[in-house]
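So the sequence lines, in the order shown, correspond to chains H and G. Each position in the first sequence, counted from 1, maps to that position plus 313 in the working numbering. Each position in the second sequence, counted from 1, maps to that position plus 415 in the working numbering.
If you're looking for bench data, these hints aren't it; they were derived computationally from the structure. All values reported here derive from a predicted model rather than from experimental measurement. We put the beta carbon where it would ideally sit given N, CA and C, even for glycine. Worth double-checking, as some hints may not be accurate.
What the hints assert, rightly or not - With the C-beta cut set under 10 Å, the calculated list includes, among others, these residues of chain H facing chain G:
{"no.": "1", "residue": "389"}
{"no.": "2", "residue": "401"}
{"no.": "3", "residue": "414"}
{"no.": "4", "residue": "478"}
{"no.": "5", "residue": "480"}
Read off the chains here:
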Amino acid sequence: MLEIKSLVKRYGHKTAVDHLDLTCENGEIFGFIGPNGAGKTTTIKAVVGILDFDEGEILIDGHSIRQEPLTCKQNLAYIPDNPDLYDIMRGDEYLNFVADIYQIDQQTRSQRIKKYARLFELEGALTMPISSYSHGMKQKLAVISAFLHDPKLLVLDEPFVGLDPKASFLLKKLMREHCDRGNTIFFSTHVLEVAQKLCDHVGILKDGRLAALGTMDEVIGDQSLEQVFLELADHE
Amino acid sequence: MNRSFVLFRLSLKQLIWQMARTFGGRKKFSPVLILLAASLLIGLSGLYSWSMIAGVPESMNLLIPLSILSAAFGLILVFGFYHAQGYLFDFRDYDLLFSMPLSRRQILMSKLIALIAMMLLYSAFLTLPMMVLFQLHYAMPLTFLLYGLIGQLFLPLIPMTVACLAAVLVRLISSRVKHPVLIRNLLSLGMVIGLMAVMTLFQSQTGQAQDVGALIRPIQTGLAPVYWLTMAMMQGSFGELLKLIGASSLVQLLFLAAIAPLWNTLNQKARMTSAQAGGRMKVQSSSMNAALFRRELRRYFASTSLVMNTLVGPVMVALCAVMLAVQKDLMVQVMLESGMDFSAFADPVAMLLLAVCLFCGMICPVTATSISLEGKNFWIVRSLPIPSGRYLGAKLALDLALNIPVSWLSILILSVVYHFSLLTVVLLLTLTLLAILCSGLFGLIINLHFPRFDFDREIVVVKQSLSTMITVLAGMGASFLILAVLLFWAPLESSLMMMVIALVLILLAAGMGIYLIRRGEALLSKLSGV
Numbered sequence: 314m315l316e317i318k319s320l321v322k323r324y325g326h327k328t329a330v331d332h333l334d335l336t337c338e339n340g341e342i343f344g345f346i347g348p349n350g351a352g353k354t355t356t357i358k359a360v361v362g363i364l365d366f367d368e369g370e371i372l373i374d375g376h377s378i379r380q381e382p383l384t385c386k387q388n389l390a391y392i393p394d395n396p397d398l399y400d401i402m403r404g405d406e407y408l409n410f411v412a413d414i415y416q417i418d419q420q421t422r423s424q425r426i427k428k429y430a431r432l433f434e435l436e437g438a439l440t441m442p443i444s445s446y447s448h449g450m451k452q453k454l455a456v457i458s459a460f461l462h463d464p465k466l467l468v469l470d471e472p473f474v475g476l477d478p479k480a481s482f483l484l485k486k487l488m489r490e491h492c493d494r495g496n497t498i499f500f501s502t503h504v505l506e507v508a509q510k511l512c513d514h515v516g517i518l519k520d521g522r523l524a525a526l527g528t529m530d531e532v533i534g535d536q537s538l539e540q541v542f543l544e545l546a547d548h549e
Numbered sequence: 416m417n418r419s420f421v422l423f424r425l426s427l428k429q430l431i432w433q434m435a436r437t438f439g440g441r442k443k444f445s446p447v448l449i450l451l452a453a454s455l456l457i458g459l460s461g462l463y464s465w466s467m468i469a470g471v472p473e474s475m476n477l478l479i480p481l482s483i484l485s486a487a488f489g490l491i492l493v494f495g496f497y498h499a500q501g502y503l504f505d506f507r508d509y510d511l512l513f514s515m516p517l518s519r520r521q522i523l524m525s526k527l528i529a530l531i532a533m534m535l536l537y538s539a540f541l542t543l544p545m546m547v548l549f550q551l552h553y554a555m556p557l558t559f560l561l562y563g564l565i566g567q568l569f570l571p572l573i574p575m576t577v578a579c580l581a582a583v584l585v586r587l588i589s590s591r592v593k594h595p596v597l598i599r600n601l602l603s604l605g606m607v608i609g610l611m612a613v614m615t616l617f618q619s620q621t622g623q624a625q626d627v628g629a630l631i632r633p634i635q636t637g638l639a640p641v642y643w644l645t646m647a648m649m650q651g652s653f654g655e656l657l658k659l660i661g662a663s664s665l666v667q668l669l670f671l672a673a674i675a676p677l678w679n680t681l682n683q684k685a686r687m688t689s690a691q692a693g694g695r696m697k698v699q700s701s702s703m704n705a706a707l708f709r710r711e712l713r714r715y716f717a718s719t720s721l722v723m724n725t726l727v728g729p730v731m732v733a734l735c736a737v738m739l740a741v742q743k744d745l746m747v748q749v750m751l752e753s754g755m756d757f758s759a760f761a762d763p764v765a766m767l768l769l770a771v772c773l774f775c776g777m778i779c780p781v782t783a784t785s786i787s788l789e790g791k792n793f794w795i796v797r798s799l800p801i802p803s804g805r806y807l808g809a810k811l812a813l814d815l816a817l818n819i820p821v822s823w824l825s826i827l828i829l830s831v832v833y834h835f836s837l838l839t840v841v842l843l844l845t846l847t848l849l850a851i852l853c854s855g856l857f858g859l860i861i862n863l864h865f866p867r868f869d870f871d872r873e874i875v876v877v878k879q880s881l882s883t884m885i886t887v888l889a890g891m892g893a894s895f896l897i898l899a900v901l902l903f904w905a906p907l908e909s910s911l912m913m914m915v916i917a918l919v920l921i922l923l924a925a926g927m928g929i930y931l932i933r934r935g936e937a938l939l940s941k942l943s944g945v
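Next comes chain H alone, as it looks inside the complex (with noise of 0.2 Å):
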């Protein structure tokens, strides 16, 4: 679904993402893990497509994210660490408006609509503007927006900041459903014991490169993924 084939990004004479090459298979769910300043972001923002990337392909299903955006965007849904969403509308306002941009139906946007507001306890909130909501509503109202379409890659950035427990439980419980039916997930997080639980496959980055790869058991062995992160990243 995701292949990352030697990703490079810079930023005048520094580089953040140096030659990187990673694959997400169908039906699983990607940690993406490092320190501050690891190049996560600059990755992500490369995948969905905001950001422009100096070598390198990303593919996502099959299609050049530089060569086909819109067949890429299409088929994904991205949640950055800091949902910053159009305050000048309500809550059902930008649902409407990004089941707009992907042109679902009347009913189904509806039935989803009604379905995740209900989930996450948002359904009162979503007629008061964005403006008022907190970060975790806001971030609740970026994560309905996400499912909406129902996206084959679901990229998120720090997906667990700024979500009570609750909705953090439920996040975890949506995206595991969302895999089980043969879709991707993408995701970065701090959060280690939750990237240790959810994924299939993780990968650790440091300094722009894949400092570990591999599926869950294979990187971290018989310790724990805090041990192993620890060690990577004291590891110079």
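Based on the hints, put chain G in the right spot on chain H.
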């Protein structure tokens, strides 16, 4: 270090950073751009001052500093109002500063210092070339320049305080109503148009004066700080300079004392959003184009600074049309007495109307800032499957929707009042449409090349971004060029000339349209937002 000083330094740093970002930040060519822009402004201002020095007799040379300083005063008043709302209420470090052991007065003063510095910069471009040229031409005593420079520091205080009071008044009223943004937009727009009207009336009052004394009197009473500074410079009067310094400082201090206690409450109200649910949840599907256009429309009317900057054009067109329709006889008389040769035109009023429509329609297209104003929300449109043509098309459509109906309606109504020929009506409608289309497309291209996503107040993008500056200058230049060609260089009959201009505009619009279709996605993909 003194806390107030630390705050002042922070405010000035923020201002300098914003200025530097306007001209491309750390890009290699930014010093060149700064130099070019400064040279252009100083050059234009110097040229204007020189033409006045050369044209006004020595016995009346008092009028030169008087008129330039009056213009600076008016400029500070209008621009001060534009910026005051942003500086007083929309800065993002509000929470941080208020959590620190700083008094409201200190914080408010630091914001005002930044505003004063900006206004000083605006007025300096206008007044400094005049002072230097005047000093050189008339070999004035050193006190002319010295008092002029000292007075410069105090001249912005009173107009800026008036502008700040107006901004506070707008916030005070709008924070108490159900639709604060709508009311804020209406009040702000009304204030700007009101300020412009007062300045125009004042100008016409001084213009009708028969002698120097009569010319000075309205300034002496209406613009006392300008009069004091002029007298201080021309007569070397330290007393007049003291009057300016004393009155300006007193007004500023009174403003601080009166507004500081109120300011915190106003700021909190301005930040608060009604959490009340607004009716039933809507689930309504529409086309991608409709969704994008609706989003643009909401975005536009949510930004007071954008509305103030761009809706002034259509409002001015409407006001002019009403004036032309109501004062038909007076207009014809004014045109006859203007000394310009309108004999080549079958419908001179149509030319006047065209001039207004072109100038107001081309000078500030919404497209020049609409990509920049995506700001921190840019990730949304970039991660959604939106073709660049539709995305940019929605922005262009908004620009056309704001400008075309008013212009066309004005043309149609006046064509009935003044009995324009059918050909003239068709040409006016076509030229207006094409000019506004070209201006909108140009704005989009410039904004794609010079976006500004990292702003702390929208006014920074709306008024100070490079994209806005280029588009405004180009719009002014283009509208003047079209009118100059029609008025002063018409080898062909006027209708034919208009057709030729229309053809040129069609070619320009097609060229820009093709460029956007071919390069739009590539240019957008290079933008990463904040």
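Do the hints match the structure? See the list:
Interface restraint check: residue 389/H against chain G, minimum CB-CB distance 8 Å, threshold 10 Å, status holds. With its C-beta approaching chain G no nearer than about 4 Å, residue 401/H sits inside the 10 Å limit, and its interface hint holds. A hinted interface residue such as residue 414/H counts as satisfied when its beta carbon comes closer than 10 Å to some beta carbon of chain G; here the least separation is about 5 Å, so the hint holds. A least Cβ separation of about 23 Å between residue 478/H and chain G goes past the 10 Å threshold, and the interface hint is therefore violated.
Interface hint status for residue 480/H: violated, as the beta-carbon distance to the closest one in chain G is roughly 19 Å, over 10 Å.
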